[in-house]
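Given the coordinates of chain A, work out where chain B should sit on it, guided by the hints.
Each protein sequence line maps, in turn, to chains A and B. Residue numbering for the first sequence follows my numbering, beginning at 1 and increasing consecutively. Residue numbering for the second sequence follows my numbering, beginning at 1 and increasing consecutively.
FYI, nobody ran anything at the bench for these hints, they're computed from the structure. In this text, all values refer to a predicted model and were calculated from it rather than measured experimentally. A virtual CB, placed ideally from N, CA and C, is assigned to each residue, including glycine. Don't take each hint at face value.
Rough simulated footprint, nothing fancy, chain A against chain B, three-plus residues with beta-carbon under 8 angstroms [said to hold, decoys possible]:
#1 17-31
#2 34-40
#3 65-73
Here are the simulated EDC-like pairs of lysine to aspartate or glutamate, each with C-alpha atoms no more than 16 angstroms apart in a straight line [said to hold, decoys possible]:
#4 A:Lys149 <-> A:Asp171
#5 A:Lys516 <-> A:Asp471
#6 A:Lys347 <-> A:Asp289
#7 A:Lys479 <-> A:Glu506
#8 A:Lys149 <-> B:Asp47
#9 A:Lys149 <-> B:Glu42
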Amino acid sequence: MRAPAPGPETGNPGGRLRWLALAAALAGAFALVGGQLMRLALIGPAGPRLSINEPLTRTFARPDIVDRHGRLLATDLEAHSLFADPTLIQDADEAAEQLAEIFPELDAAELRRALADRSRRFVWIRRGLAPAVAQRVHDLGLVGLAFRKEPRRAYPQGALAGHVLGTVNVDNRGTAGIERWIDEAVGVESVLGSGAPRKPPVRLSLDLGVQHGLEAELGAAMERYQSSGAAGLIIDVASGEIVAAASLPAVDPSRPVQALEAHRFDRMTTGTYELGSIFKVVTIAMALDAGQAGLDTVYDVRAPLRAGGHTMRDLHPQGRPLTVREIFVHSSNIGAGLLAIEAGSAKQRAFITKLGMAGQMGTEAGPVSPPRLPARWGQAETITIAYGHGMALAPLQFAAAAAQLFNGGRAIVPTFRAGAAYPASGARLIAERTSADLSHLMRRNVTHPSGTGRQAEVAGFEVGGKTGTADIAAGGAYKDGGVISSFLAVFPAPAPRYLTLVSLFEPNATAETRGKVTAGVNAAPTTARLIARIAPLLDVATQ
Amino acid sequence: MRLMLSTAMLLVTLGSAFALYAINYDTRQLEQRVLMQERAAERALGDIAVLRAERAHLARPDRIEPLARSLGMGPAARGSGMRLIDLASPEGTATEVRK
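Isolated chain A, as found in the complex:
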C-alpha cells in the first residue's frame, strides 16, 4: 500500500510549508510577469536616448522683426546644415573632393583631414544651405553625410536699415544692433531643430517707406555731391521714436562681414563729429530760456572774437549789429559766441548736460559713442562750442537732444521700439515759449530771402531748419578741404512733429553748388527732397 503524498490535507506541517512556499513563488513570478506587462503596456519601451556621441550643437529661434506698420524686416527661415560622421565615411579623399566641388570656398585639405579623423563623430561641413545646394549634396549619395534643419535669419528688405537691425552669428544669436538687443532684452529660444519662434514679433518704430525714402535720398545726395558718406535720421519729437535712421555706405545684415569694412561704419552712432552751426540752435535756446536775451535783443557782431590765441570770425559778415533773430538767420559765429560768453561756461555746460549731450547714451540698436568734450572748458571753448566746434558728438545724440527743443521743451528718450514709454520722458527742460521761438527761428531761416536754409523749402510742408558746415577733424588736426555738411530740420512749423538731420561727409563742389560745399547748397536741398518724399507717408498734410 502507497503512503499518502505529503500535502496540506495530510496534516504534515513540512509538506504544508513547501506547498505555501511554492504557491508564494508562483504568485511572485506571476506578479512580476503581470507587472512587467502593465509597465510595457502603460509606459512602453524606452525611447531613443541622446548619446554622448551625438551632436549637441544648438541654434536659436528668434522672433520676427517688423516695422511700425507690421511689415517684415527680419524672420527665421528653415535651412539645411550639412554635417558628417567621419566614422561612417568610406573614402575621405573622395568625399572631400566631391564636396569641394560644391563648396569651392571650403579648404579642401582641411576638409579631408576632418573627414579622415575617425576619433570624431560629428563635423560641420556647411551651415545654412540653400535648398538647391542641399539637393546637390544629397544627390552625391555619400554615406556619413547628413543634414540638420536649422533656423537661419533672413532679411527680405536686403540692406535696408542694415545698421539698425544689426547681425546674427552662425548659431542665429544676435551680435549687433537690434538683433543683439533681442537676445538681451526679448530673449531667443534654444532649439535643436528648426522650431518656429513662439515669441510675438518685435515691432520697431521704423517706417519701412520712410526708411527707404531716407536711404534713397542720401544715396542720391552722395552721388550728386560726390561725398564719401552720408547719414540721416528722422525722429518723432513728441515720443522720441526714431522713424528712420541710416548711414551710407550701407551694411547688408545678411552679410555680417560687411560691418567690419571701415568705410561702412555707422556714422550716425559710432562716429563723433563737430557738427558746426546747427549747434547754434542749442546756444540760442540756452540764451532765450535763461531770459538773458529775446529774439530782438541786439548784439554787436562787427568785431572778431579773440580767445586762447584764436580769432573767431563770421563766414557771412553783415557789417552791422544783429538781433538774435538775425544771428540765427545769418549764422553768425560771433553772435553765438557773444551769447555763450554772456551765459558763461558753467551755464553752457549745464545746459548741454541737461539736454543729454554730455554723457553716454544708447538705444536698442546699441551704445552711441560718447561725446568728446573739452578737457578745459575756458572762454575759447565756450565760444567755439557755441557755434558747433570744440565738442564732438554722434549725430544721433545731437538729434535726440535737439528734438527736445521743438516738442514744447519736454525730455524724450530716443528709441527704436514702437510704443515704448520710458519713465525719463516728459520732464520739462525748457519753457514752451522758448520752444515756440526756436521753431519760429527755424522756419524763418528757410523762408527769409537771405536765410542759410532757404533751399530746404518744400511747398506746403512748412519746413524750418538750420545749416551747419564743419571741418572734419582727424588725428588731432582738421582734414584739408574735408567738411561735414549738416542740415537740422523740423516740420511742419510752427508745431513740429518730426525732426530730420541730414549729414553729408566730405561733399565736393559741383556745378550745381556753384563751387561751394556748405550745407546750404547740399544738405539743405537734400533735406527738401527728403521731406517732400516722406511727409505724406508720415500723414503730414500739406498746408
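Using the frame of chain A, we list chain B on its own:
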C-alpha cells in the same frame, strides 16, 4: 476551488494586460498621428514663413517705387488733393460737409 480561482485570476490579469496593451497601441497610433500633424503644421509654418519673406521681398520699396513711378505715381504734394468742401456740388458750391 483554489486552482479555479488562480486560473481565473491569471486570465483576468492576462486580459487586463492585453486590454492595456490595446489601449496603449491605440494611444501610440494617436501619438504617431499627432506627431505627423505636428510635423505637417511645422512644414506649413515653414512654408508660410518662406511665403511671408518672399512677399516682403517682392513688396520692398526699392522694387515697388520704380514701378509706381512708371505709372505716373509719386508722393502727394501741394495740389495733389483738395478739400471735400471745395468740390463743386450739382447745385453749386457746397458750404458744409455733414457726416
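Lys347 of chain A paired with Asp289 of chain A [C-alpha distance capped at 16 angstroms]: 12 angstroms, holds
Straight-line alpha-carbon gap Lys516 of chain A to Asp471 of chain A, limit 16 angstroms: 14 angstroms, holds
Given pair status - Asp171 of chain A, Lys149 of chain A, alpha carbons within 16 angstroms: It holds: about 12 angstroms lies between the C-alpha atoms, which stays within 16 angstroms.
Pairwise hint evaluation, Glu42 of chain B against Lys149 of chain A, where the allowed Cα distance is 16 angstroms at most: Roughly 12 angstroms between the alpha carbons, so the hint for Lys149 of chain A and Glu42 of chain B holds.
Chain A covers the region 17-31 of chain B, three or more CB atoms within 8 angstroms, holds or violated: Since 6 is at least three, the answer is holds.
Coverage claim, chain A over the region 34-40 of chain B, checked by counting residues with Cβ within 8 angstroms (three needed): It is violated, with 0 qualifying residues against the three required.
Pair hint Lys479 of chain A and Glu506 of chain A, alpha-carbon separation not exceeding 16 angstroms: Within the cut-off at roughly 10 angstroms; holds.
Agreement of Lys149 of chain A and Asp47 of chain B with the hint, judged by alpha carbon distance not exceeding 16 angstroms: 14 angstroms, holds
Chain A over the region 65-73 of chain B, status - at least 3 residues with CB closer than 8 angstroms: n = 1 at 8 angstroms, threshold three: violated.
Checked against the numbered hints above, the structure violates hints 2, 3; every other hint is satisfied.
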